[in-house]
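For chain A, the structure is supplied; the task is to place chain B on it using the hints.
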Amino acid sequence: MSIEIKMPALSPTMEEGTLAKWLVKEGDTVQSGDLLAEIETDKATMEFEAVDEGVIGQIVVPAGTEGVKVGTVIAVMAGEGGTTAPAPVAKAAPEPSPAPAPAPVAPVAAPVPAPAPVPTPAIAPVASGNRVKASPIARRLAKARNIDLATLTGTGPNGRIVKVDVEAAAGVAPAPAVAIATSAPAAAAAPAPAPIAAQDFGIPHEAIKLSNMRKTIARRLTESKQTVPHIYLTVDVRLDALLKLRTELNASLASRGVKLSVNDLLIKALAQSLMIVPECNVQFAGDQMLQFSRADISVAVSIPSGLITPIIKGANDKSVSAISTEMADLAARAKEGKLQPQEYQGGTASLSNMGMMGIKQFEAVINPPQAMIMAIGAGEKRPYVIDDALGIATVMSATGSFDHRAIDGADGARLMSAFRELVEKPLGMLA
Amino acid sequence: MSEMYDLIVLGSGPGGYVAAIRAAQLGLKTAIVERENLGGICLNWGCIPTKALLRSAEIYHYMQHASAYGLAAEKISADIEAVVKRSRGVAKQLNQGVTHLMKKNKIAVHMGVGTLKGKGQLEVTGEKGMETLSARHIIIATGARARDLPFAPADGKRIWTYRHAMTPPEMPSKLLVIGSGAIGIEFASFYNDMGADVTVVEMMDRVVPVEDADVSAFLEKALTKQGMTIMTGAGVEELKTSATGVSAKIKGKDGKIVSGEYSHCIVAVGIVPNSENIGLEALGIEQVKGHIKTDGLCRTNVEGIWAIGDITAPPWLAHKASHEGVIAAEAIAQALGNKDVHPHAMDVRNIPGCTYCHPQIASVGLTEAKAKEAGYKVKVGTFPFIGNGKAIALGEAEGFIKTVFDEATGELLGAHMIGAEVTEMIQGFTIGKTLETTEAELMHTVFPHPTISESMHESVLAAYGRALHI
Chain A
1 MSIEIKMPAL SPTMEEGTLA KWLVKEGDTV QSGDLLAEIE TDKATMEFEA VDEGVIGQIV
61 VPAGTEGVKV GTVIAVMAGE GGTTAPAPVA KAAPEPSPAP APAPVAPVAA PVPAPAPVPT
121 PAIAPVASGN RVKASPIARR LAKARNIDLA TLTGTGPNGR IVKVDVEAAA GVAPAPAVAI
181 ATSAPAAAAA PAPAPIAAQD FGIPHEAIKL SNMRKTIARR LTESKQTVPH IYLTVDVRLD
241 ALLKLRTELN ASLASRGVKL SVNDLLIKAL AQSLMIVPEC NVQFAGDQML QFSRADISVA
301 VSIPSGLITP IIKGANDKSV SAISTEMADL AARAKEGKLQ PQEYQGGTAS LSNMGMMGIK
361 QFEAVINPPQ AMIMAIGAGE KRPYVIDDAL GIATVMSATG SFDHRAIDGA DGARLMSAFR
421 ELVEKPLGML A
Chain B
1001 MSEMYDLIVL GSGPGGYVAA IRAAQLGLKT AIVERENLGG ICLNWGCIPT KALLRSAEIY
1061 HYMQHASAYG LAAEKISADI EAVVKRSRGV AKQLNQGVTH LMKKNKIAVH MGVGTLKGKG
1121 QLEVTGEKGM ETLSARHIII ATGARARDLP FAPADGKRIW TYRHAMTPPE MPSKLLVIGS
1181 GAIGIEFASF YNDMGADVTV VEMMDRVVPV EDADVSAFLE KALTKQGMTI MTGAGVEELK
1241 TSATGVSAKI KGKDGKIVSG EYSHCIVAVG IVPNSENIGL EALGIEQVKG HIKTDGLCRT
1301 NVEGIWAIGD ITAPPWLAHK ASHEGVIAAE AIAQALGNKD VHPHAMDVRN IPGCTYCHPQ
1361 IASVGLTEAK AKEAGYKVKV GTFPFIGNGK AIALGEAEGF IKTVFDEATG ELLGAHMIGA
1421 EVTEMIQGFT IGKTLETTEA ELMHTVFPHP TISESMHESV LAAYGRALHI
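Protein chains in written order, with the working numbering: chain A, 1 to 431; chain B, 1001 to 1470.
Next up, chain B with everything else stripped away, as it sits in the complex:
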């Protein structure tokens, strides 16, 4: 008979491992089950290694534009193998970091494939055979994977998912990217900067369709200027691979079908949850299209079973998963009798989103259109980076910040940013939203000079007709 845990976390991505650490901090006897790499997709195959790739692309971009800063760089070239090697090194370092964190927090790590076998029972099949673990509570954090095109599944040779694109067998010369969400756009940006000829196909009428329409329009212009071909309102009808490349038939906005030849294709058309074969059905755990239904404290409909991250409802973001991990761990500690924890449900409108293309995109809350759709009467302010001293000094005057307020209460409903460093700035507005600030506190806040963040202040002022530098 195996020992009894207070909590077993199934999956060690940014949701799962954070949940395990928080639970251990609260004194829970905790185990984590992982089938592949500690840290999950995020730090092995997602967020982190792509940021490493994009950093190389960014520096390469600056080197090519050195003369704009009065510098000279000659005989510049990119070595895709070395760039990928650096990215893998970064992932490895972080993977070891998670291993260390598990050890430090005395969390039992069980490597293997986990399957629920009734309440509080989890069967783990690993290299060393099978074992059954028992726990008072189980958190499911198995995440999601890339969605395949039904007519052209990724083969890793010519048709790639994000995972292949991260360790490419060779540098693509002419790349087709299907889907312009965060993943599609980041790889499009990376390979474009690295010198590939990139075409992006998006089914919706604009790129990054979850962002504010003004941001989409700005990005499309910027990417086109960088040499990309952007096709919106378009769908790939057929995709055929050969030894030398991929041929695609794309139905354009006008309904006409155009054929194109590409060396490689990246499919980034969304995700599917990893909800198969983990025993959800036998326990009667409620799902919506494969995603587990949860309440604000990450409880499923079955007592003692919790779910966090991509396996649950959107947004499917690492930081949402991590935060849910903390909420679930605290709620479990509370259920086990800890009176000092007070978990609070998360408001999805306070979860920021970031896309690390060039220029960067960051946003939180409602877009202007969504706010109006929800019935708010809004006040909107926009401030362009061209009015910001620091942005001009950096040679990064491309971009703007837009804020949306509820006219009735002054509540900040949403903030939308595109341009240099915006992914590092969005937390300012996120804190504001979480604390339920109004325009008044944001106006009273002193922003440091010279920083691009002054544009945040100006954008708020602009919403009330008080912007100073335009």
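One chain only, chain A, in its complex shape:
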């Protein structure tokens, strides 16, 4: 008896993923709970465990295949006592009739080596060996524009490539739409941003394939800048008191193995500021606004493949030591690409700190659907007026970006002021 192993949905919203790596090979015996493969979703790489026991009969989707739809058969396992002979993929007996080859995967970006034992269709396949489902107009347009249909993802029924898909790939505006209902946002799966045709001007270059994470970053930041009217408010904040407190706290926490960073304290300060000015702890949602009763702070963490924002949930209620411990764990796992979706999806506001890179001040892009992000610059000694005399103080510039649809400038200013107050008089954070 053979068991089909299907592409799992590793998060509630996952529709497809990249089969990054197989951890087993054909002929391997696996126990329930053994790791089968690593699967990359838009933000994380996750391990996929075996549910049943048996012998891996055949690997259907090779490692490195992108855009594998959830539910696609990726491997076939011979059940207990089964043979190791590769089981045929298609359930139907492979008749010599010109039945079209069952396409195991919806159109995938990379040319997939055709799975071995499937009957080849009598009619010459259109592209890359797999049958490509596409409408006649899509085929004609693709031919005229010299686009390989096998590189496209179809949005029609069952992944069929239709006219708009080719037009999107060609980077042209869809044909003139006439009296399209009242429809405002094109529903369904919002199409990915139309690929931009690369122009190399003959300059020597290397084309680097976008990772899923890079694609997600590109899409979300474009969406944010195009749809969210940002306003930016900057304050200079004296850090001396906070640095002193941190030193003292670290001395007493050393025995517990906790070492607070400035950032940990700033997470707490932002969370508490959002509680003081709840008008800024919001989400804009078209006809309404959500005002959150706790502050979940998404903290930008730079990782080799891009950026991810693990969340400190309820940071307003957590002690700075708890925040520090949690943050260290999240950052470490983020760098390994091992975060679970619920650990980076959500958040009521974000914090991005580029101080350690020597950036004096910057404006961050809001992370939708959140309505604010705090950008932290480097703490540096600056000439500073203290009691009407010029002195030296450690100062950093902090800039809040606010979604102006939801937050008025005055409320933003109140938040910045509350934040400065807490950082400059940091004992308030411990209370």
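Be careful, since some hints might not be right.
Claimed, not checked - Derived, one-sided and incomplete: chain A residues facing chain B with beta-carbon distance under 7 Å:
1. 133
2. 135
3. 137
4. 159
5. 163
6. 164
7. 167
8. 168
What the hints assert, rightly or not - The calculated label-pair distances, taken between Cβ atoms and stated as ranges, are:
9. A:214 / B:1099: 53 to 59 Å
10. A:229 / B:1224: 29 to 35 Å
11. A:145 / B:1061: 52 to 58 Å
12. B:1375 / A:211: 49 to 55 Å
13. B:1444 / A:204: 45 to 51 Å
14. B:1119 / A:229: 25 to 31 Å
15. A:226 / B:1288: 45 to 51 Å
16. A:144 / B:1151: 55 to 61 Å
17. B:1108 / A:319: 50 to 56 Å
Calculated from the structure, these hints are not laboratory results. Glycine included, C-beta positions come from ideal geometry on N, C-alpha and C.
Okay, now just chain B, sitting in the frame of chain A:
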């Protein structure tokens, strides 16, 4: 506390009841709320009973022209009461059919007037009193009704809406029809065939103004030949009723006002959405002139509230409502966690329209003028029924089929037909459009002989200079 439904559909017309059935098929616990008749206007007071009336008129027409087929029919007469009775019988049969379908699909039917009382809450006031229903999702499918003339509201005696015209108190002798859209033209055609002296007044410069201009011109000629008076570019300025009839002052194309005396008048100047008193405002549901704004999956701006059919954007057609019902039900099932449904937004350019006058009209997609307006360079083919063997054999050689293609891609942009049986044929082009066929597949298709549908093939061939029978 009442039980919690997955879905409540407000209104049981062709949009609402279809949405409820699809939802039930997908395993959703579904209820439907209806204030009057299951099946709504379409099958009680609209599409279906009018088709029954028009069928009687058609047969009467053939009887009167029996000699053209070598037959004799004598002492022919029409009994309007019996004709209406048959039409009501048909409506009743279908109404019972919907009742059965609700039962079969285990859909809870709540008869009464429904009002939204916040998200997921619907208050129903029926004969048995008031109850409050709760649901995760609500579809609004309350439809629309006939628009009245502000200066002469329909009274059901002398001034009729479609609804009065369907169960007339008596046979009109001299009928004025205001408006030449599908509804106006169908009743004009029916009463003309039944023997009334019919005048049609249309404000636009041509009859059936949403259709291709060639179709309008052809229809105007055909109706005039049948004895109707057609006044285009004209408006009714005044309408007064008396015990014996209606007197109208009509401003003609030339600006001159003519007075006319009629026994009855049918007002068919459009529809108004049934969006009042159902609680849309309190929930902040966005509307455009009373029609609810929706996206491609029938979502309103308020989460959990959906809208389909005539209460939303045009075209205001039963089959558009039904299809939206299916889309909305599937999108709701998906929102509730069903991973096996994949709702797809509908393209309004692939929704066909049919008018059952004599000759019939059917069309889908862009007219030649609209296609050019949209910036397409077009290829147009026209094939007249006089070149079609079956049409001649039927004695129905009046009509033509016109197709409009995008020259650049070969995409079928629109198809426009007038003549016998065209309402049964338009789905061929609609399938083609939905599958995104080009002229090539249509040319490769084998059409059966002898059928009027061969004219569809010829029309496509004609667009590329390859028609065989002209």
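Among all the numbered hints in the text so far, which are the ones the structure does not match?
1, 4, 6, 7, 8, 10, 12, 15
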